[in-house]
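Participant: Taking the hints into account, I'd like the entire structure generated from these sequences.
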Amino acid sequence: MTYASQPTPASQPRAPEDPRARARSNRVAALGIGVLAVVLGFLAGRFNPLLTGSTSSEGVKVDALFSVLLGIGTAIFVVVQGGLLYSIIRFRQKSDDDDDAPAVRGNVGLEILWTAIPAAILTGLAVYSYATLANIETPAPDAITVQVTGRQFAWDFYYPDRDVHSPELHVPLGLQVHLVMHSDDMIHAFWVPDFRVKKDVMPDRVTEVRFTADKAGTYPIVCSRLCGVGHAFMRSNVVVQPENIFATWLYAQQTGATVQAGGQPATPAAAGKAVFEQNNCGACHTLKDANAAGKVGPDLNSIGTSAAKIIQDPGYKGKATDAASYIRESIVEPNAYVVPNYPPNVMPQNFGQTISAKDLDNLVQYLLSQK
Amino acid sequence: MTTSTTSVAVERRGWMRHGATSWRDYFTFNTDHKVIGVQYVVMAFTFFLIGGLMAEVIRAQLIKPGNTLVSPNLYNELFSLHGTIMIFMWVIPVFTGLANYIIPVHVGANDMAFPKLNAFSFWLALLGGIIMMVSFVTGGNASGWSAYPPLSEQTGIGQTLWAVALILIGFSSIFAAINLLVTIMNMRARGMTLMRMPLFAWSMIATSIIILLGTPALAGALALLIMDRVAGTQFFKATGDPLMWQNLFWFYSHPAVYIMILPGFGIISETVPVFSRKPIFGYKMIAFSSMAIAIFGFLVWAHHMFSSGMNPLLRIPFMITSMIIAVPTGVKIFSWLATLWGGHLRFTTSMLFTLGFISMFVIGGISGIFLASIPIDIHVNDTYFVVAHLHYVLFGGSVMAIFAGLYFWYPKITGRMLNETWGKIHFWMTLIGFNITFLPMHALGLEGMPRRVVTYAPEFALGNLIASLGAFLLAAGTLPFVYNAVISLVRGKVAGDNPWQSLTLEWTLSSPPPIHNFPEPPTVDSDPYGYGKPLVRRVPPAPRQEAPVPGGE
Amino acid sequence: MAMPSKSRAGAAKTRRSNYVLVFLSLGALTALEVLVSSMTNIPRVSFLLGMSFIKVMLVILYFMHLRSDSRWFGLIFFLPFLLVIPLLTVLPH
Amino acid sequence: MSQTVIVHDEPRVATTTGIDNRKLGMWLYLATEVMLFSALIGGFLTMRTRAPADANHVLNIPITAFNTFVLIVSSTAVVMALSAIEDGDRKRMLRWMVATFVLGATFLGIQINEYRILIGEKHLTTSSLFGSGFFTVTGFHGFHVFVGVCWLGVIIVQTLRNRFTTNERDHMRFEIFGLYWHFVDVVWIVLFTIIYLI
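Order-wise, the sequence lines are chains A, B, C and D. Just so you know, we're using our numbering here: the first sequence kicks off at 1 and counts up by one. Just so you know, we're using our numbering here: the second sequence kicks off at 1 and counts up by one. Just so you know, we're using our numbering here: the third sequence kicks off at 1 and counts up by one. Just so you know, we're using our numbering here: the fourth sequence kicks off at 1 and counts up by one.
No wet-lab data here; the hints were simulated from the structure. What you were told as hints is all true, and nothing was included just to trick you.
Keeping only pairs whose Cα atoms sit at most 25 Å apart, straight-line, the calculated PhoX-like set for lysine-lysine is:
#1 Lys358/A with Lys371/A
#2 Lys295/A with Lys64/B
#3 Lys23/D with Lys13/C
#4 Lys13/C with Lys91/D
#5 Lys122/D with Lys237/B
#6 Lys94/A with Lys424/B
One side of the interface only, derived from the structure: several residues of chain C facing chain D at Cβ under 10 Å:
#7 Val20
#8 Leu26
#9 Ser37
#10 Arg44
#11 Val45
#12 Ser52
#13 Val56
#14 Met64
#15 Ser70
#16 Ile76
#17 Phe77
#18 Phe78
#19 Leu79
#20 Phe81
#21 Val84
#22 Leu87
Glycine included, each C-beta is placed from N, C-alpha and C at the ideal position.
Facilitator: So this is what it looks like as structure tokens:
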């Protein structure tokens, strides 16, 4: 038995069509598809509708690279889809035809061509990408350094020169910012979509990222690496300000911090609210006073009164004896007692280490005041 | 053996079975490659439905921002298991199943090289799948299918079960790969040199090599993860090296995307010439490009880590290899286009899925080039752009190819034709639903929507709404196929031996083929793509001296 | 089958003396390794890796018969090492 | 006994490459094992570079060198048994098989004793990066030796019951076992150098 013994319906050729005219029209069509690909590719690259308007000087270069890729990608797209469409329309088997097509098994020149041309294009893209990469990652001598700490599910930005912590990143306009990043727990990723910068924040090593904001405004900071239950809520903002306003802000933070450290105006509850915001508790918990609407963990709107009730509950397994100690326990050791209908192991278990004792006291006082 | 070899029959060997006469035989430890093939396909399709259901829940949750259909923890478990199931319990095993059924017949063998090992592989995969589902019930993997530590070291007990299940499935897949490789290398029909093999066999060689050399790296990484979780070692903890997981994981999981697409390339290389009534264009280039992908596919893994904390200098060589790997894939696409060009195209459902494959896969391939470019990848890594890209490759690519193959071989496997009208409804609903679902995701990712989020900023509402509606259409589109596949078993038109007038060896047999396939050993004197005028049939090939293949082919 | 039963006994005899030779070399190398591992005035690591490599090759070529067996086996067995090199280069970074 | 029949209905057709299917399959499996151990060794080396100070000085090199030697002797015993099969000498075959079995078991015994001492000295998987890597990698290797010893045990029992002889088919079965055993030996040669000596 061989392949050759296959039964194939043999039928007489249909009314003859001039094969040369046919081949010529196909060649013209192929050429047309090629021209169309070049034109549409050029237009797509020129008017790139998908990734434009970055507000950092690095991002603008990324957008330019994207435009080139989009142009080339569009051209490839048109070649293939055009070839497909033309074949579907032109080479459909006629209903009265049961015959095979002329056998063509290959064409060495063509095959070399469609190996070599893509290889050349891709090599070129690799070189261009590398040039862009080297360009956007070049350190500037006058860059200002901010230390970033990621933790479930909040960001902390620390300005070492002024000893200032902030839950939002404030940066000066037009100056390169050098972020030195580290994570307290999981892998997070620091991403500012408008700046086209992203870098993982690792628990075992320090990573860095650099950008230069070009336009004043407020842009979202997104965690793009799955880091646990509150991952979707791990967001913050980067505020780009003219240099003098930035300096004023930084100074205000510094003195504010000093005043607080001196324990003058801020009540413990007011300070606790700052701690609440700094740790992004609102990502998971609802608390009207702090404009928080998280749905992952229990509602904290009347925790000041409900805490006392919970410890009376026979189902309560923890060690707390009053409302304050219950709130403290829930923050430091969340698995001691998990409110019914909420899953365990969801709330980070290291707040006892990451929040200072004083801040913790203030946070407990603040929550206690929510009646 | 006294059993007639021309009719379907079943042999009993102790508690084992070989062959099937009734549906009950499909629930036994059966050593017939055709039975095992069907077992694989049916199991995988069941998991496809389960994974698809999870996808629908995910899309329902994302239909509007701030939706509370599922809790964030359940959401994380859903997309983690959706990914794992679709990859390890659907695409990989369904290809293993099709290869199991087709490859021995394609190369002219009576069964696989190791029938018992073959059956063992199937039951091991099923066991792994069941453990995977159990892990979901016990509070499963909530760290994504890529399970990055340290997060995956702190999730529930189900994560350990998940890892155990993956190791079992991995070894099942390794054994299947060994089986296929030995079958193809060692059990070919007389006259079937390597260059006369069907291209599906070539693609399975490449796939099996990747499975053989890649899967153990994943098994090793999973073993270390289990050690971390159970025995308190520190490989991936913050005191150890979390990045090492990413290296080991992607060392397998990037080649794994080729495990999931190369068999699809093989199927397409079979259907395109049959339904174009033309020989495949550039046989050798298609075969060699599969092998090139198999080897170079191992040298690109770190492009998944361009924005991680890896050594920045190491990114450059990986960018270059990631760009270059697109070349052999492009060669295939152009070769298929050239096969279509000037053919006599027959638009059966199988052909529609074939054309859909080429069209959709190209889009995934192009967005892949964007991802290979480090500066772009930094922006879109771990965003919906990647979600769009991977679904264009794996759904628009692999799944379309799977359906092309299922419509193509269903008549051979069951002896009956699938209904073409329902088939076309299936195709158009799938194609349209698929594009509505995943096309907007490109834009969502570029504009700043990260992946694996239970909710999102209000500005992404429109894109997500469209995607969710498309996903419902896509899911509904699967129903005609299920109906068609079931109803055609009894009501379908009788297929006959060779409904498509194809030249590969399986079509020389009855439908379904007899228990030991070939009543007499077949002999082959050309590749199976001798379609077209002038008819080359019965004419010996040009007296060009075929060089003997080293190793005594 | 694969192994035609030609002069099996004769071949076995020459093989056996080879086996003893390989065994002696392996033993000697192991002793040498222990000796080298405590020395400090030589490029210790390179020496140790070199000796380990020789031992591995001895076992593979003679005990596993790769030297005389089908080329396919060599291809199959050494192909993974092509991939191990990049993996082990990247991992500790 | 129950497992007798299966053997004879496998068709004896010549293979395309002329290589026995099972031998080809075993070599392919060994390629997989190469990658598995490379991943594990990669893990060990990474732990080592991360914490070079957690050195291997707690390990007992002389005893392990002896253990390495035990494994080398066992490998030699396997090839001796193989050549006995080729000579059709059942008695010599059995003797070398038992020797291999005993040597394999000795290796495991010494390794377990090493673990016992280390754990007694509070060197655990949890205590350092070196401990993590050491126990995982050597443990995996020990498991492979254990599988090999069990496999050989089955062959020896079958030999005693005259269901494993010196015929050509069983020759191939033993050769395949030998490939596995030598591979496990090769892995140990590498591990001994990387973990203990360097």
